[in-house]
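Here are the chains, one letter per residue:
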Amino acid sequence: MTAAVFFGCTFIAFGPAIALFLFTIAREPLRVIFLIAGAFFWLVSLLLSSLVWFISVQISNKESAAQQKGLLIFGVVLSVLLQETFRFGYYKLLKKANEGLLTLSQEETMPISIRQLAYVSGLGFGFMSGAFSVVNILADSAGPGTVGIHGDSQHYFLSSAFMTMAIILLHMFWGVVFFDACEKRCWWAVGLVVVIHLVVSCLTFQNPDYTATLVPAYVILFGMGVWAFYTAGGSLRNIKLCLTCKDKDFLLSNHRPR
Amino acid sequence: MDLLSDKWIVNVVLCLLFVGNCNSVEKKIYINLNETFPCVRLLNATHQIGCQSSLSGDVGVLHLLESEENLDWVLRTGPNPPYMVILESTLFTRYRPCSLKNGSSRVAGVLAVQPTSNPPEGFSPHTSCPNENTGVYSETYGPSYAHCNVTMWNPLGTGISYEEFDFPIFSVKDDNDTEVIRRCYMEHNRAVNGSTPQYPLCAMQLMSHMAAVTDTATCMRRNAPTFSLAPDGVCDPLGDANIWASTKPLNSSTKGHKDGVSVVIAATKLDSRSFFFDVAPGADSAATGLVALLAAASALHNATAELNRTILYTFFNGETFDYIGSSRMVYDMAKNDFTVDLDNIHSILEVGQVALGPDSRLWLHSDPVSKRNSSVNVEPNVTQPLPPSSFQRFLLERPIPGVVIENHQTSFTNKYYQSMFDNAEYLKLNYPPNLTPEEQLELVTDSAKALTEVATTVARGLYLQAGGELAQMSRIQADSELVSKMLYTFLVRVNNSWFDQLVKSDWTGVLSELMLYEINTSERKVKTTEPALMVQCILANLTGSIANITEVYFCPFSSPNFLFLCCQIYSYLWVQGPVRPNSTERDSFCVRSLVRQSKALSPAFELSEYTSKNYSTWAESRWSAIKGRIFLVASHDLEMLTLGVGVGVLLMSLLLTYIVSSKADILFSSGREPTNATY
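Protein chains in written order, with the UniProt record's numbering: chain A, 1 to 258; chain B, 1 to 679.
DSS-like cross-link-like pairs, simulated, lysine-lysine; straight-line CA separation at most 25 Å:
hint, chain 1, residue 1, chain 2, residue 2
1, B, LYS28, A, LYS69
2, B, LYS627, B, LYS101
3, B, LYS599, B, LYS248
4, B, LYS28, A, LYS62
5, B, LYS27, A, LYS69
6, A, LYS240, B, LYS663
7, A, LYS62, B, LYS27
Chain A is nowhere near these chain B residues, computed Cβ spacing over 10 Å in every case:
hint, residue
8, SER105
9, GLU121
10, PRO399
11, GLY577
In case anyone wonders, no lab produced these hints; they're calculated from the structure.
No experiment lies behind these values; they were computed from the predicted model shown.
Glycine residues also receive a C-beta, built at the ideal position from the N, C-alpha and C atoms.
Could you build all of it, start to finish, from the sequences and the hints given here?
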């Protein structure tokens, strides 16, 4: 539409991600490296799934709309499964790397914990996924026109931006939960993450009914957020402590020995 | 991965297969206009004319101008300026763009829908006194005739072709695309019962940014390679090629005066124009004259051996723009840079607009100022100056006797002079629609018959001028079938079997659309455009002879611009020939003729006098892209709301993240952490 819409949608889509990057990752070079590596892994999974999809479209009957729709669903499902597979692959790689880093470094303890790695890799996946979702749309939103001349809904840009924000945050939460579940060999949690990812992706088949897509997506986002919070070591008690602004010394002094 | 990304991949991949618009989001937003004819910018020594858009195109809310009252909405009362005005076909000719020009801050552009049939009241965007400053009549020569004091040649002329507009004006045909535009307007922009239309509104963007400004001297200065912003140049001088042929061989390697050669020039013009770029059928103003002269040349082909004077058939290009072609030829002759010079010229016969209706007649115009030294039979009695014609440029140099043949006694009878409506329909070339193209080609219409009479008259006049005997005159007769085929080729359809026979097969595809308009030159090399090449081919076939065995080797086989191998005396053309029956092969042969090209670039550009008052200084601007598209626009408030929400989300998330990260050790310090973790 114009520059206003372009910047508005960019900030909506990438705002939380940028904030997280700025305050938690940017200062630590090791975290930046693992973020970028995570993004790269996501990119490779996308490449593989698009290769498979491309070949299958070539073989298929291009005229039949039902077949194309079926292929699209197949493509989405395959892509989600590949992404989660690559997340698992990244987890394995990071475990090995961590051991290597430990032997190389002088210190006794690991420079970065697996929990931080989970958060950073999830965010990396999210960044790349968000970029591929929305950059194309943002480029067109800078032009003078808005969607709608063929009868589509006008809110295309806005809902794309909100969906992207949800996806980025969801990837982060999935990363945290997934890695933690892999550490504890909790395979039902891993399966649940995959299922939730599939559900969110398949929600978008309901577009252009944007309410039916966005509302459940945000509900799931909230749920995943709570789960990830608890996985990362949070609890209601901590929130209460935080909100009543008790400081660290008080906490240390009240800390019960294990 | 969500569907949005998947869809993107799908479409990128799909588009890599089908080269075209590679973006499905763009397809959701824009509908491109397919065939548009813009109005472009032309410059001369003192002015710039035509239209200009901003660099990335002008955007405006659509408004369909159905009647004169709607104009108020655009200029004053409409709540969402700027507007993109769509002129319907009925208003197209009656409507003066002057009032649109006055409100140009609220007008983003104009889209004119071409009427499907010619407007009956006539329409001419040209000036009412064409080429008034470069003709022969001036303060020093016939001052009472200068500036159309005696006769206003083009009374219907409004002069809008020579005005300057700072918004783009495009023209489209009335077809499916235009229906889409109208529907978009009806659905979104129509004000019902006085209420203001609600957003989102239908809008259009027209892009036709012209690189050149001010005048020719400025743009030629900016063309120089040291000016880095536009390394390719910002404008091109208008130029093309004149086609000429003589009836007797003339040695062209020796230029200047030729002793003992007396030449009768038979001249006509090849080009026309209209308000829009690339649209210039020029039926009455140019095509009739050149078809008549071609037919006359064909009729005289067998009779020229016995004539004691040479006839020089010249087809001048660029006459619409201050006599580019004829001024160049006269300049060359005066400088002794042409095969003959001005002293060799005995007289001039020019064929102007010669479309004849059932009750029109032919008139001969001559110059009242110059001494009459001709042996032409009819001398007009009225003291009327010459109409705009190439003959005037010859008179500027020498008082040569000559006449101009026209179909009007005083003002033009052509109601559509230099407009897009001067087409086959105006000449009443009515081909019944149930005929195939081949049958249409063979059909001899009444207009063709009338034009054949004109051609016969021209041929006989030339015969007598060149020294032929009166008694032999009656055997000279133009061929009406030839005239009809030529009219069909120039005005209806180039791709036909008669023209196919004349032209090499790899060239046939290029000539799909005829326009009698000067195309700008590129890289300062004069390029010969299709009409000139067509005339060259036809003239060679009509006045040439089949080459003998030894000369076949001169015939070139290569690209269209190098069709003619030049020559000291003869030029050679490879002709495809007719298709053999029951086969797809053709009997090709080589034709030897006396047809040549000569450069039609104004002397002002040769002499680098870009502010010259004597010669044409017309140049055409260059542009990068010309396109138009329609889409919906959202209200400004919604856009600002989106920006506000975005900024709010960003600030909110920055705040939250700061708070959470500063309290992270408290928030995430539950006892469930693994023992080897560190913070």
